[in-house]
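Participant: Listed below, chain by chain, are the residues.
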Amino acid sequence: MKNIIKISWRNLLRYTRRTLLTSSLIAVGVALVIIFGGIGASFKDEVIGTITNSNLGDIQIHKKGYVGSMDNLPLDIVIPEQGLNKIKSLLDANPEVKVYSERIRFGAMISNFVQTTSMRLTAVYPEKESNTCPALTERIKEGNSDPKTFVQPGSIVIPANIAAGMNLKIGDDAVLVATNKDGSVNGVTFKISGISENILGPQGKDGYIHIDDAVSLLRIENGEITEIAVKLNDFDKLKKVYSRLKGELAQIPGENSGKPAFEVHSWEELSPFSSIVKIVTLLIMVVRLVLVSIVLISILNVMMMSVYERIGEIGTIASIGTPPSKILALFLTEGLLLGFFSALAGIIFGTGLLMIVAAAKLNFVFGMMKLSLSPQIPTAEIILSLIIVVVISALASLQPALKASKMEPVEALRHV
Amino acid sequence: MSLLSLANVRKDYLAGDVTVQALKGINLTVEKGKFISFVGPSGSGKTTLLNLVGCLDKPTEGTVTVAGVEVNRMDRKTSAKFRGDNIGFIFQNFNLIPVLTVYENVEYPLIMVQDIALKSRKQRIDDMLDRVGMADQRNKYPSQLSGGQKQRVAIARALVMDPKLVLADEPTANLDHDTAYKVIGLMHQMKKEFNTSFIFATHDQKIVGEAEIVYTMEDGLITKVQANGTAGGGVK
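Those protein sequence lines, which keep their order, are chains A and B. Residue 364 in the numbering used here is what sits at position 364 of the first sequence, and the numbering runs on without skipping anything. If you want the numbering used here, it's the position in the second sequence, counting the first as 1, plus 1000.
Quick caveat, the hints were computed from the structure, so don't treat them as lab data. Misleading hints may appear alongside valid ones.
Sample of chain B residues facing chain A (criterion: CB under 7 Å; computed from the structure) [as the list claims (entries may be wrong)]: (1) 1050; (2) 1051; (3) 1056; (4) 1067; (5) 1089; (6) 1095; (7) 1113; (8) 1138; (9) 1142.
The beta carbon of each residue, even a glycine, is placed where N, CA and C say it ideally should be.
Using the sequences and the accompanying hints, generate a full structural model.
Facilitator: Quick look at the structure:
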C-alpha cells in the first residue's frame, strides 16, 4: 500500500499545475463550508440564545389548548395549583432541568392618568425568572436591573416604546387595569422601576410585574398560573428532555376529559424566529451540496484526463503483469490523495479565516437583536467536510480507475 | 520440453468491415535459452505474434503454449499473473514510468507484480543495475537518461523478475546504430548469464546477425527459418 501511495502521489505531482488548480478549487470549497458553517452556527446560537435567554426559556409548559389561544393571553386556560405541584415535582426530579419559572401572562390597559394604552404583562418571581432567562435583566436599560429584585411588589418594568409613547420615566406612577377570568375589572397603581429595550417577537414588548401583584390584580385565589418556562442544563439535550417531559406530562389526565391536561412546547414551536434558524441550516446544507459538486466534477475531470493521458503507461504496467486490482488501486488512491490533501488545505485555510473572524468579534444588529458573532471552530463540520470530500473523491475516481483497470494491455500499448 | 510452441495459430482483426488476417497459421517451437529474432516488413505479423506469445492477445484459432501452459484460455487476471511470473517485456519506446527513478522502475515489478520482500528486492535490483551498467544512474529519472540508458533500464526491469522468456518488440528502433548494437549485445550477454530465452521482433537487418535463429515473416506467415552460426558475437 505504501508503494501505491508513493506512486500515486508522484503521479499527482507530475501535472503540478493541474493538481494545484483542482486542489485549490476543492480547498476553497472546504474552507467556505467551514467558514459558513462556523459563522452560521454562531449566528444560530446567538439568535437562539437571545430568544431563549431573554424571555422564552428553552421549553414551556401550559394547560392543554393554551398555545392555540396564546395571542389572546387567556386567563381561563390555566395550570391549577394541584397540576402545578405535579409538574414541579416532575421538573425537580429531572436532572437535565436547571431551573424553571412560573408565570402569569395577561393583557391589561396601562394609564399615566392622561393617556391609556394596551400592553402585555408577564408576572414572575424575579429571581426564578432571571435564572430561567439570564439575559432578561440585561434588556433593562433604565432603572433596577438587579436579577434578584428587578420587579418587586408594587413596581413594574415597561418596554421602551410604551415609556416613550406615554412619556413615562423611572419612579413615575402608572395604573394597570385588567379583566380577570370572571369578567370583573380591577385596577392597581404601580411605580415604574425599569424600562426595557424592545426586541422582536410576540413576547418582546411585555412588561413585567411581581407575581404577587398579578394574583392581587386578577383576584386569583387558588394558586393558578398560565405557564412555566424551563431552562435546561445543556441546550443540546433539548430534544431528549422535551420528549421525556412530553411523555411524563401525557400521564397527567385532565379532570373531566381523561386526556392529557398539559402541553409542552420547545422554543422552536413558540418563536417565529425558529424559521430563521432553519433557513441558516438549509443554507449550510446548500453550501455542502456545492462542495460535493465541486469535488465530484473536479476529481472526475482530473482522473479522466489522467487515465486518458496515461493509456500507454497503463498498457505497460498491465503487460508486465500488474494485476487489474492494483491498477484500480493506483488510480483510486490518486483521486483519494488529491481529495484528502485538498480538504486538509481547505480545513487549515478555513479554520484560519474563522479564527480571524472570531478574534474580530463582529457585532451587528439583526432586527432588534444585537448579535455578536464569535464563531467557534466547527469540529463536526470539519470532520463532515473531510468525510464528504474523501467519499466523493473515491466515488469520482472509481469510474476512471475501473476504466484503467479494465483496459486491454495490447490496446493500451498502441497508444504509446 | 520446449519453452514455447504455437500450433496452427491464426489471428484475424476487424478493420472496419474488413477482416484482416494478421497471422495465417503459424507453427513454431522454441527451446529454452534461445536468442531468436523475427524479421520482416511492417504489417508482416511480428508484433501480433509477440502479443500472442506474451499473453497480451488471444489467437482466433490454434493454441499458444508457454512454459507448458496453454495461455490462450486464460482470463485477464490469470494471464496478468502468468506474465508477471514468466515473461519480461522490452518495448521500442522503453516505456519506463516517468515518475519513478531508475531504481524504482526496476523495483516496480518486484513490488506490484511479484510482491518480493524489501531485503531480497534490494539485493536483486542492485545486482541487476550492476549487470546492465546503470548502478551509478540509479537515482535519475527516465527524462534524465539517453535512449540507450533507458533501454538498459528496461532490460533490467524485464530481467529482474527472473522470467523464462523475454519479448522485445523493435528494441533498437529508437536507438542509433552503435547504441543498438550495445543493447543487443547486452541482451545477448543477459541471455547467457540467466539462460533466459529472448525473442525480439525487428526489421533492422543490421542487428539480425546477433540472433541464433532468425524467422522471416511475410504477410502473416513464416517464410524462412535461418540458424545463424555466428550469433552471439557479443557487443560490437
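Participant: State the violated hints by number, sorted upward, taking the hints as numbered earlier in the document.
Facilitator: Result: hints 1, 4, 8, 9 break, sorted rising.
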